[in-house]
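So the chains spell out like this:
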Amino acid sequence: MQRFDLIVVGAGPAGLSAAIEAAEKGMRVIVFDENAKPGGQLFKQIHKFFGSKEHRARVRGFVIGQQLLEEADRAGVQVVLDATVIGLYQDKEIVVKIRDEIHHLKGDAILIATGASENMVPFDGWTLPGVMGAGAAQTLMNLHGVLPGKRVLMLGTGNVGLVVSFQLLQCGCEVVALADAAPAIGGYGVHAAKVARCGVPFYLSHTIREAEGTDHVTGVTIAKVDEHFQFIPGTEKHFDVDTICVAVGLSPMSQLLKMAGCSMVDDPKRGGQVPVCDEFGATSIPGIYCAGDVSGIEEASSAMIEGRMAGEAIARYLGYIPEADCKQAEKQLERGLFQLRRGMFAPGRKGTKQETTDEGIRLSQTLLTKGYVADDEIERFPGVTHRVGVHPVIECTQNIPCNPCQDVCPKHCISIGENITSLPTVVLDSTCINCGMCVAGCSGQAIFLIDEDKGDGTAEITVPYEFLPLPSEGDTGTALGRDGQPVCGASVVRVRRSSAFDKTNLLTISVPKEYAMKARFFKRCG
Amino acid sequence: MNQVNDRNRDIGPFVPQPDDDQIICRCEEVTKGEIRRAVHDGMWTITEVRRCLRTGMGLCQGQTCAKLVKRIVAAELHIPQSELEPATSRAPMRPIEMRVFANEDGEVKTDE
Amino acid sequence: MNKTADVIVIGGGIIGCAVSYFLAKRGVRVICLEGSDNIGNGGSSRNGGGVRQSGRDPRELPLVMYGIKNYWPTLSDELDIDCEYHQEGNLRLGKTEAHKKILTGLTDRARAVGLDVRMIDGDEVRAINPYLSDEVTCASWCPTDGHANPLTTTLGFYKTARRLGAHFISGERVVALKKIRGTLRQVLCASGDVFEADTVVLAAGFASRKIAETVGIDLPMQEITLEALVTEAEPPMFNQMLGTAEADFYGHQTKHGSFVFGGTSGLEGFTTDDGTPMTDSRSAPCFCRGIIKYFPNLAKAKIVRTWAGWMDLTADKVPILGTVPEVPGLVLACGFCGHGFGIAPGAASQIAQLITEGKTDVDLSDLRYDRFTAKA
Chain A
49 MQRFDLIVVG AGPAGLSAAI EAAEKGMRVI VFDENAKPGG QLFKQIHKFF
99 GSKEHRARVR GFVIGQQLLE EADRAGVQVV LDATVIGLYQ DKEIVVKIRD
149 EIHHLKGDAI LIATGASENM VPFDGWTLPG VMGAGAAQTL MNLHGVLPGK
199 RVLMLGTGNV GLVVSFQLLQ CGCEVVALAD AAPAIGGYGV HAAKVARCGV
249 PFYLSHTIRE AEGTDHVTGV TIAKVDEHFQ FIPGTEKHFD VDTICVAVGL
299 SPMSQLLKMA GCSMVDDPKR GGQVPVCDEF GATSIPGIYC AGDVSGIEEA
349 SSAMIEGRMA GEAIARYLGY IPEADCKQAE KQLERGLFQL RRGMFAPGRK
399 GTKQETTDEG IRLSQTLLTK GYVADDEIER FPGVTHRVGV HPVIECTQNI
449 PCNPCQDVCP KHCISIGENI TSLPTVVLDS TCINCGMCVA GCSGQAIFLI
499 DEDKGDGTAE ITVPYEFLPL PSEGDTGTAL GRDGQPVCGA SVVRVRRSSA
549 FDKTNLLTIS VPKEYAMKAR FFKRCG
Chain B
651 MNQVNDRNRD IGPFVPQPDD DQIICRCEEV TKGEIRRAVH DGMWTITEVR
701 RCLRTGMGLC QGQTCAKLVK RIVAAELHIP QSELEPATSR APMRPIEMRV
751 FANEDGEVKT DE
Chain C
1437 MNKTADVIVI GGGIIGCAVS YFLAKRGVRV ICLEGSDNIG NGGSSRNGGG
1487 VRQSGRDPRE LPLVMYGIKN YWPTLSDELD IDCEYHQEGN LRLGKTEAHK
1537 KILTGLTDRA RAVGLDVRMI DGDEVRAINP YLSDEVTCAS WCPTDGHANP
1587 LTTTLGFYKT ARRLGAHFIS GERVVALKKI RGTLRQVLCA SGDVFEADTV
1637 VLAAGFASRK IAETVGIDLP MQEITLEALV TEAEPPMFNQ MLGTAEADFY
1687 GHQTKHGSFV FGGTSGLEGF TTDDGTPMTD SRSAPCFCRG IIKYFPNLAK
1737 AKIVRTWAGW MDLTADKVPI LGTVPEVPGL VLACGFCGHG FGIAPGAASQ
1787 IAQLITEGKT DVDLSDLRYD RFTAKA
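Protein chains in written order, with our numbering: chain A, 49 to 574; chain B, 651 to 762; chain C, 1437 to 1812.
The hints are simulated quantities; they were obtained by calculation from the structure and are not laboratory data. A few of these clues could be false.
Quick list of simulated restraints, FRET-style, between CB atoms [said to hold, decoys possible]:
| id | chain 1 | residue 1 | chain 2 | residue 2 | range |
| --- | --- | --- | --- | --- | --- |
| 1 | B | K759 | A | R122 | 18 to 28 Å |
| 2 | B | Q667 | A | D288 | 21 to 31 Å |
| 3 | B | A725 | A | V543 | 47 to 57 Å |
| 4 | B | A725 | A | K398 | 16 to 26 Å |
Think of the CB as a built atom: it goes at the ideal place given N, C-alpha and C, for glycine as much as any other residue.
Go ahead and model the full structure; you've got the sequences and the hints to work with.
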């Protein structure tokens, strides 16, 4: 029987990272993926990633996917696509279906990196065409170039719900609202704020009562729920929509591990049925490892580190590297993973109610319930300062693992410090040169360059802009507040595009100066 | 898990609920009410409910409904969801035509 | 928790559930102990669903004929569940002269016991089931055979027994039996629980062997893994139960539309597992090749699941039923050799009758344990 040092199931961020690590250590590695394209969910991710430089922060997900594939190729990893692993049998044997054949292979080690699938929530009409997972909508849009619908309601305000809502807007869909049965937005505030400033309303403590339609979705009714998640009569709200996206979490696709007989545990914090494993992904069966979402739902950034750690551990297990050599590398990887797992969204803090940031600043409650920081809340955050001349205003108000703003500013105007989940601050006595790198480099699109008083009664605000068509200099329109509501008239004074900005264009708008701290988005007339 | 499970434990009467006709298992079109009724007929594990009603036995093999069924059964039994063992995982992970399953070809071709 | 009853049934498979049902129906206080977490977790939920007389050993044939006559046709009503029973015949297929010889032998022996079964040729086979390939040249045909849904039938016995007052406890693994003053009285469990009754029915499949050992009874059985598979739903094609002369493949189309097929690869008894029955990577492909030869138009049917189960194969390939004179109070109902489903209602009703009346409608003497003891 065909035998490899390592068989990897799943060519997503975790699987590819592990394969690269193992192949670089001299192992014979083959990777199978059931999809026609490798990269797992990475090629759907058109937004810039969080984290720090070592986590490839500020790079768009699909670019990370390309980088990983190139690395895998250089390392000599065999990636076989359209290859469905249908079983993991005794003695680490897999059976894989490729076209209209099946093949039996054995691995001295097996890494399962099969990722996760989307959860569903039942409501009346949930089986109608037009109700789909948010991830499915993302696949349609970003992989297949197909618009999932025209008018969409998003259920779920975790990062998937927020990111996909923004991408739906970018595709030209109308997102009528985001609803969530939870009382607070689950994902990063900066992701919510991007959506809110486009004028999309958030309905927290609301969920879907009914999807309407006979053979496809024609409308949806949401209603408020009490603390026991029971509907409160009389709070129903109707929207005409043709699509309902459901983003209510993911479940690890751990079936291969269970089939093989690995010890499993039901862990709601990790997303459901997951293998019992150590920090390197070693399961209860020697030689069978796991990495990425299959061992607990997290972000792609942590999946890549988990994959590399598993790759290291497998190389050690099979004697490709001596114990001593991998200690150093492992320490560094563990540190990288530790950084990602800190802050308010750390896996350990899931489900805990937090009132303040790690710095002791009261969190914006408006951000948690409506998706934006209210005008009277924004001033208390350290990234928001007032100066003469152009300066960055950093509306980053939660402890998330991300620090590109600190690295990207050539004048070192922004500081986060050692701990990448700290809130960014504006460095005293620093000089902003209005280069725009921080605005384009902030993966959360939460940094604005503001000249609060141009001396003629106006202020200029530079905002990140990722929509088409791109407005032109001289265009007039409306400035929108953080809540997406019109605040004043505005005109475009400058449009900046640069390869350094990586497709985040910078729009500088002129508004009356009293709106300098209110206007955060631009809508063209007509 | 193998825990002593006294099937005479009182779980209270079956009380109809307004959303009992909601479909939970899409592949096999099993409703919430049918699942709740089965629990009151003594089907106290995910596997028993499955064997009785075919929940999770369709094309997706429970990928979509497993968590939903679990929630309903746990609520009906007044136990934490973690006490319910999920159904066994079995090959094939995706439906596969008999002619393909039958077609065992030699080695996977690689670039080597 | 009440731990005393008239009868304790060890094993919550179809035999244990059905014995509990028939006893409860007769007003007997029953406690049924299932060692795993699930009722009907062994062969009861893993078999091919045959309700078959043809092809059986003449010693057990009267029992299954009794069940098909008296219970199967009305079982769905009796158990308030759809058992999906179809009595539309069994074709045992042959392709070669050697097959024909095997089938003819089986047919002659069954006819001698009074079963309506006969040999037919390939054309007659295809007149009954037009989907079969030309490779089939002969078959035994038993029109009163059929099939049912083992999952719902087993759980139906459980559900109805429970309604009648039988007390079921799962996850209660029996480790030993204990005689008190010469008579079997106590049932000891891994949990530490001790149950007491006048009569103990041992219906725990292969696990019965270890339990019986604790009162000095050796049941000559082997544990063999068998495998099966199921397709997605297909349009209705036929309602017969199918088997083959070499027993390499068997199955039927279910009410749901899916085909359930079992088979053998030749590796039975030699595969490995981790304590739960596991499928072998070579089995399902082998079954598929066999099935396609019989049913070319199922080539594109999709397999959605494969599974494995253990059978309790006795030394002489028929079950062990009835009392054990050396151990008063013990009643055996095990060793069904992988075809205990169709025979279950008949066998269980006779065990219940034996316990309550001390006699049975069907003579069980050929199936008693003492057939294995040294000749006097």
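So, going through the hints one by one against the coordinates:
1. B:K759 / A:R122: 18 to 28 Å: Hint holds: Cβ distance 21 Å, inside 18 to 28 Å.
2. B:Q667 / A:D288: 21 to 31 Å: This hint holds: roughly 29 Å between Cβ atoms.
3. B:A725 / A:V543: 47 to 57 Å: Given range 47 to 57 Å: holds, Cβ gap about 55 Å.
4. B:A725 / A:K398: 16 to 26 Å: holds, 22 Å
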